[in-house]
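Undergrad: Given next are the chains, with one letter for each unit.
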Amino acid sequence: MKPDRKFVMLIAALVIALFFLPFVTDALLGRGWVRILDFAMLYIMLALGLNIVVGYAGLLDLGYIAFFAVGAYCYALTDSPHLAQAFPMLFPVGVHLPFWIVLPMAALVAGGFGVLLGAPTLRLRGDYLAIVTLGFGEIIRIFLNNLNAPVNLTNGPQGISFIDPISVLCVSLNKTQTFFGIAFPSVHLYFYLFLAFTALVIFVSQRLEKSRIGRAWMAIREDEVAASAMGINTRNLKLLAFAMGAMFGGASGALFAGFQGFVSPESFSLMESIMVLCMVVLGGMGNIAGVILGGVLLALLPEVLRNIVVPLQQALFGRTLVDPESLRMLLFGSALIVMMLYRPAGLLPSRLRRREFGGDDAAAEESVYDATH
Amino acid sequence: MEIFLQQIINGLVQGSVYALVALGYTMVYGILGLINFAHGEVVMIGAMLALSSLTALLGWGVTPLLALPLSISLAMLGCMVLGYSIERIAYRPLRHAPRLAPLITAIGVSIVLQNLAMMIWGRSYHSFPQLIANNPHNIGGAIINNIQIIIFVLALAFMAGLMVVVNRTRLGRAMRAVAENQHAAQLMGVDINRVISITFMIGSALAAIAGVMVSANYGLAHYYMGFILGLKAFTAAVLGGIGNLRGAMLGGLLLGLIESLGAGYIGDLTGGFFGSNYQDVFAFFVLIAVLVLRPSGLLGERLAERA
Chain E
23 MKPDRKFVML IAALVIALFF LPFVTDALLG RGWVRILDFA MLYIMLALGL
73 NIVVGYAGLL DLGYIAFFAV GAYCYALTDS PHLAQAFPML FPVGVHLPFW
123 IVLPMAALVA GGFGVLLGAP TLRLRGDYLA IVTLGFGEII RIFLNNLNAP
173 VNLTNGPQGI SFIDPISVLC VSLNKTQTFF GIAFPSVHLY FYLFLAFTAL
223 VIFVSQRLEK SRIGRAWMAI REDEVAASAM GINTRNLKLL AFAMGAMFGG
273 ASGALFAGFQ GFVSPESFSL MESIMVLCMV VLGGMGNIAG VILGGVLLAL
323 LPEVLRNIVV PLQQALFGRT LVDPESLRML LFGSALIVMM LYRPAGLLPS
373 RLRRREFGGD DAAAEESVYD ATH
Chain B
482 MEIFLQQIIN GLVQGSVYAL VALGYTMVYG ILGLINFAHG EVVMIGAMLA
532 LSSLTALLGW GVTPLLALPL SISLAMLGCM VLGYSIERIA YRPLRHAPRL
582 APLITAIGVS IVLQNLAMMI WGRSYHSFPQ LIANNPHNIG GAIINNIQII
632 IFVLALAFMA GLMVVVNRTR LGRAMRAVAE NQHAAQLMGV DINRVISITF
682 MIGSALAAIA GVMVSANYGL AHYYMGFILG LKAFTAAVLG GIGNLRGAML
732 GGLLLGLIES LGAGYIGDLT GGFFGSNYQD VFAFFVLIAV LVLRPSGLLG
782 ERLAERA
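Chains E and B, in that order, are what the protein sequence lines are. Using the working numbering, you'd call the opening residue of the first sequence number 23 and step up by one each time. Using the working numbering, you'd call the opening residue of the second sequence number 482 and step up by one each time.
Isolated chain E, as found in the complex:
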């Protein structure tokens, strides 16, 4: 495909806008909001990873955050003083591998867990996968919480701190760096790093969607029996989708650990899984733009709630009746229900998905037409 002028211009404008985004945010809203933007980027990466599993292959994964946790602990264990403290005989100075080695490692380990979990369940109906992943998410948290005795592997509920910051080309992202006379604070640098990774994830997702594999996933999602009758190896492809989603989760987990400098089991609760699922469902399952929209909306929502709902309640009732955290979860839960009932394809539905959920005859015929031409 020859890239046309308009497309190139659009991309260039977007790159420039995103380059200035942290500076503008910093000037208008303060440094804290740049940090929120960084987290929004991480969530978008996670949501795009989950989109492969839920959106493309139609497999409901309710423990997705567990893979994020696996990736985060991979990085935390290898690049923090924890191992040196816990096993001074084995690792006198710790491991401290460079980030670029740990990142793929974290992705692979998470992917391995994905295969382990998916293999027994993917032969069965989708509901089983949902409940097994739900359980897995909890189990990982229980293990992270309890594996501090008798061998201190995860440091239990206290978590692991003093994780090495990420450095790119020997430039540590943990302090303000000056390039060409412009000072880039740490949160800005992380923003650019996460942006680059998000762009990569978007690119990979888009290529996957158009590929033979992506089309096979969608065929499985639409009708598994028909797909397998067409010669698609449904089990292997479902496993691939599951493992691939897990790998994206693991990689974002490693980024999270490096950014945060600290991990603890608390960050990986079921509610986080639900939040990522909400992003995918709200935005539009199977549609990259929709998922990004959902990610941005839901990552910013808690901050907005904190800044609006609490002062509003203070003004109206003189005290905080409903804390923003439970209000947020209540909104997420209701959003899942309302979206499924009234707009099951999401805010920005993918074309195919809209037809599938639309269910009327004309749409069905059109779908058949598309499939045969």
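These are computed hints drawn from the structure, not numbers from a lab. Note that beta-carbon positions come from the ideal geometry of N, C-alpha and C, so glycine has one too. One or more hints might be untrue.
Stated by the list, open to error - Chain E is faced by these chain B residues, among others (derived, beta-carbon under 10 angstroms):
hint, residue
1, ARG580
2, ILE585
3, MET644
4, LEU738
Place chain B on chain E using the hints.
TA: The following block gives chain B in isolation, referenced to the frame of chain E:
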């Protein structure tokens, strides 16, 4: 030996609660082919409703002997309304939608219920008033108290009652017919919507009972108690063969035994590496093992893979 007997007793008591909750999962699955994720939260709401009404009644000076059945009935009634509404709002409109849709609304319902409960009852643990004298009995060195005996007997009674309803009554026949083939049942004049609603209500009433039992046994109730309990009860239903009522009962009792024996002996078996704080993990491994080795469960005649 005393420890072994004690763990068996604990396991059977806990297992009978699992069985009651598992029945709710299995009935809904048998009829709709849907995992009602929100079922665990119904258990929690049942426990909380019973607790609140019990404290209120005792506060008004009602005798405990009257207050307890009254509050349990209230909790059952509340949960029946809740179960009915869940089905009406979240599942019925999606009965012909793609499989993913009702699963996602179920998750939504579960989150909403959990957070509503947190807003109403707060984040703290509530202690369940002790109304029945504990009176520990000694059986061959193991201890069983009155509450545990009542839980076990009551659970068995409710299960027997359910079996009678399903196998002997007109309603039960309609339920079995709908589970067998919805369309054929409809053609034979069965009002499927009514049967499905009633199924949800029966399941929710059993869940309320189970909720009261759990909180009476441990003396505690908490807004988060439904989640893990629901997960375990689902495991019990799968272990026994989902869609099969006898299977759910068997699976519940077995899972209770596995869990309590596992938690009792894991420390000795692994040389102290894993302790009883891993108790919640057993159910999960049982679930994986069943899915790998015998996906149709112990008594399941239905094939699990029904695309």
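Undergrad: Flag every earlier hint the structure violates by its number, smallest first.
TA: 3, 4
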